[in-house]
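*Asks:* Okay, here's what each chain looks like letter by letter:
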Amino acid sequence: MTAGRAVGRMTAQELVEACLAASTADAQITYVTEHAEANLRWAANSLTTNGAMRSRSVVVVSFVDGGAGMAAGSVSRTGTPDVAELVAASERAARGAGPAEDAVPLVAEAPPGAGDWSADPAETSIEVFAEFAPALGQAFGEARDRGELLFGFAEHSMSTTYLGSSTGLRLRTDQPTGRVELNGKSPDFARSVWSGTSTRDFRDVSVAALAADVEKKMGWSQRRVDLPAGRYETLLPPSAVSDLMIYLYWTMEARDADEGRNVFARTGGGNRIGDRLADLPLTLRSDPAYAGLEAAPFQVVPASSGSASVFDNGLAAPAIDWISDGVLTNLVRPRAWALEQTAPATVAVDNLILEDRSATVDPAEMIAATERGLLLTTLWYIREVDPQTLLLTGLTRDGVFLVEDGEVTGAVNNFRFNESPVDLLGRAVQASRTERTLPREWNDWFTRAAMPMLRVPDFNMSSVSPAS
Amino acid sequence: MLQARSVDESFLALPLSALTDAALTRAVDLGCEHADIRVERIRTQTISLRDARPEAVTDGEDLGLAVRVVHEGTWGFAAGVVLTAAEAVRLAEEAVVVAKVSAAINTDRVELAPEPVHADATYVSDYEVDPFDVPDVDKTGLLAEFSERLLAADGVEHVRASCMHVKEQKYYADTAGTRTRQQRVRIHPDLTALTVDRATGSFESMRTLAPPAGRGWEYLTGGSWDWAGELAEIPELLREKTKAPSVEAGRYDLVIDPSNLWLTIHESIGHATELDRALGYEAAYAGTSFATPDQLGTLQYGSPLLQITGDRTAPHGLSTVGWDDEGVAGQEWDIVSDGVLVGYQVDRNMARLRGLPRSNGCAFADSPGHVPVQRMANVSLRPAPDGPSTEEIIGGVERGIYVVGDKSWSIDMQRYNFQFTGQRFYRIEDGTLAGQLRDVAYQATTTDFWGSMSVVGGPQTYVLGGAFNCGKAQPGQAAPVSHGCPTARFDQVSVLNTVQEAGR
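Line by line, the protein sequences give chains A and B. For the first sequence, the positions run 1 to 468 when my numbering is used. For the second sequence, the positions run 469 to 972 when my numbering is used.
Pulled out of the complex, with its shape left as it was, chain A reads as follows (with noise of 0.2 Å):
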């Protein structure tokens, strides 16, 4: 079947072929994701576990006609699955599923941006951390000689996914994906700080910058403010903007939109495509392209849900904003319900941008603005309270600092907060020029974000939390 050599040693282009050629369905699309990451991770100014993997998936997207139209069936095998018995179950549970809702034709022409079909795929290995880990161990004496403690963790991972289809596509995306945390407490773990940021490839990454941003905040810290539950003037910098808007951004599904049942519906029917959400210009966005935020330019669907299509992989996934300059422009929208729907199709491309065009000021020309107010640092703990304003929930944490006539000048307590990012949107009165930033709460699945700093007027702090 495949020239006498064993899968394990089959590129991962030869196994898409494989798979390909080996389809007794009317259609199949097929692809192999090549991954190796690695990652250290400490406590206390010590190491805890590290590790580093290799693996590979392989995901066959079978598609039969049963006459009362398209089914599809989808299987994933990790490591050297048998070609033969892989696309034989994925041909199975096409038979067994039943008529897809999202059926449409396959895609055929080929997505701008793709990558080198035949180059080999990219790779990672504990050597990235090479200059890392020593100064890492720096910032570590440097802490100890402070009387503080540094946690955090560092991961680097390259995905290579290479798609096949059986109307030709043949597409290459590489994904370098990198976060560091470093998180820095007094020996009591009363007074506790973060700062962190995402990379393409450890580089751009300065243990010192993040060690020193550290201490500052260590710093404000010093003297400690304790305030009620209420609302407050808050400035929500780009790590907590991210993760509101990250949120939000799940939540854009239009078929929900559509039946009713998410904050986008409108009262009477429809969605509330065109309406304005936010006073300030902001625009919220996502770009494939947008630079040191590089995502995958077509999109790769394991599984149908509302918001994606096996239908559609390979489709092209183009720059997109969601909101554009305050008003709501664009939901998420497979090409099966943009059919029914006669609306366009739309792709959730894995970056997310906000920003305000007419923005002039840096974070800590806001902070330098304040009266008096809330500078927070990250939310965590965020849950869906109420899907019908999507309230959120969750806590202030690793430092809410009291700003006082432009300075910091003291850390106040944590509190739960009970929050929705579209009314957010619609209060918040300034942002910030946008930068790049990591997602506090969801840097587990989504890294590549860039965001402003917010001004709320009245941001609900619903009770104290005593956690430091």
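Each hint should be verified, as a subset may be incorrect.
[As the list claims (entries may be wrong)] Taking beta-carbon pairs under 8 Å as the criterion, some of the chain B residues facing chain A (in silico):
#1 526
#2 527
#3 544
#4 547
#5 549
#6 597
#7 598
#8 600
#9 603
#10 605
#11 626
#12 630
#13 884
#14 943
#15 944
[To be verified] Which bits of chain A does chain B cover? Going by a derived footprint, with three or more residues having C-beta under 8 Å, they are:
#16 178-185
#17 304-314
Hints were generated in silico from the structure; no laboratory data involved. Backbone N, C-alpha and C define an ideal beta-carbon position, used for all residues, glycine too.
Position chain B relative to chain A; hints supplied.
*Replies:* Coordinates of chain B only, in the frame set by chain A:
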């Protein structure tokens, strides 16, 4: 114990011994003081339907191996997916390289608490029908039929149905001589009915209370859960909920059903008594714990009625195993006795750090590609041996709320301040239920909340709840865990109105 089932031949036929010999020999040659190898195959299928029509069927299998070493007092870990002796050797070598690079930032010498050798041991969890032996059409067909029953009712506009089932096969071997083979099956069926009022733009949903369980496909067809009864009552309950008055914020006596209380136990006791959190290993991510080791034996966690155990042995428990991912046998122990903190969940390195004679077996890795870390046992609230029924507990409340089913949850990084919502809330007036309420959330601080527990229900109210997706560690790992509890009463808990919280 009757073991009706065995580990699948196709897993045992993998070259487990050859991989073990290759990896462990190489690790010892390279000077490691400890080495272990895991080979895992995890099969996962998720079937989802939207309005009784198939949305997706995914079928995944994750097969791989991992070598973990202690080299000169430092951990090293490497994982791959090619099951050959050459790859096992390469992983042993790579794990040692990882240990050497990491030595630059390691100051704490790794040592493991001793564990008896389990030389040739096999465990299969307690299930009847392997979900992967049931044809997809039958599984999808049953979920479609369940969906149709809900859709047929007045007022139900949409139904989502899903079922996720997992078969986890693990082989573990270490340089001490332990060799274990395990097979566990678990299942999580879930249906949600939704009603939409287009005129007002409002919508409301209600989900089944059936918890995920360490069972097979018989969970959907046998007698362990009353599917017919639950599906029959949801439309009317949903209709009642949409017409219910919005709650008046304030303090109420809460009677909390096991279908809601399991999650409060998980968040405020399960995580708070993980020793790695209390020691700060999770400080930058999952968080720490207010229940620090210096308070062991003295911290008043709750009222004297509070009896909490940890176990990896409960029948059908999602965290139940034969041996953990460091070769430690599953055990049961006390975490809170008469309201006082008396125990933690640990792994072998932490047991050694604390001077304990033995680990209580809480090491777990969610996949062959991830390193084992301390994960949660089944952490459960013991019922009162002659305790009251749920009706009797409600009967003793003058003005309160009966809370049923879990929904939204959030707790801070030290496990103090939490907020939960639910599927249904009933007003209690003079000891009887007086209709549903909407927009309810309860908020409290952990020790205040458990300190306010005034009545614990009897064994007849006990239900084992749980989740597949407990998150912890970086890189992130998802672990399945169960929590058993009776119905219980909590006095004067703060209740919020979520519409007011949204500023409406």
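*Asks:* All the hints need checking, so say for each whether the structure fits it.
*Replies:* Structure-based check of each hint:
1. 526: Since chain A brings a Cβ to about 4 Å from residue 526 of chain B, closer than 8 Å, the hint holds.
2. 527: holds, 5 Å
3. 544: At 7 Å from the nearest chain A Cβ, residue 544 of chain B passes the 8 Å test, so the hint holds.
4. 547: holds, 4 Å
5. 549: Given a least distance of 4 Å, the restraint on residue 549 of chain B holds.
6. 597: Violated - the Cβ of residue 597 of chain B stays beyond 8 Å from chain A, reaching only about 17 Å at its closest.
7. 598: violated, 16 Å
8. 600: violated, 11 Å
9. 603: holds, 7 Å
10. 605: holds, 4 Å
11. 626: holds, 6 Å
12. 630: Where the cut-off is 8 Å and the nearest Cβ of chain A is about 11 Å from residue 630 of chain B, the hint is violated.
13. 884: holds, 5 Å
14. 943: Given a least distance of 6 Å, the restraint on residue 943 of chain B holds.
15. 944: holds, 4 Å
16. 178-185: holds (count 4)
17. 304-314: Check passed, 4 qualifying residues.
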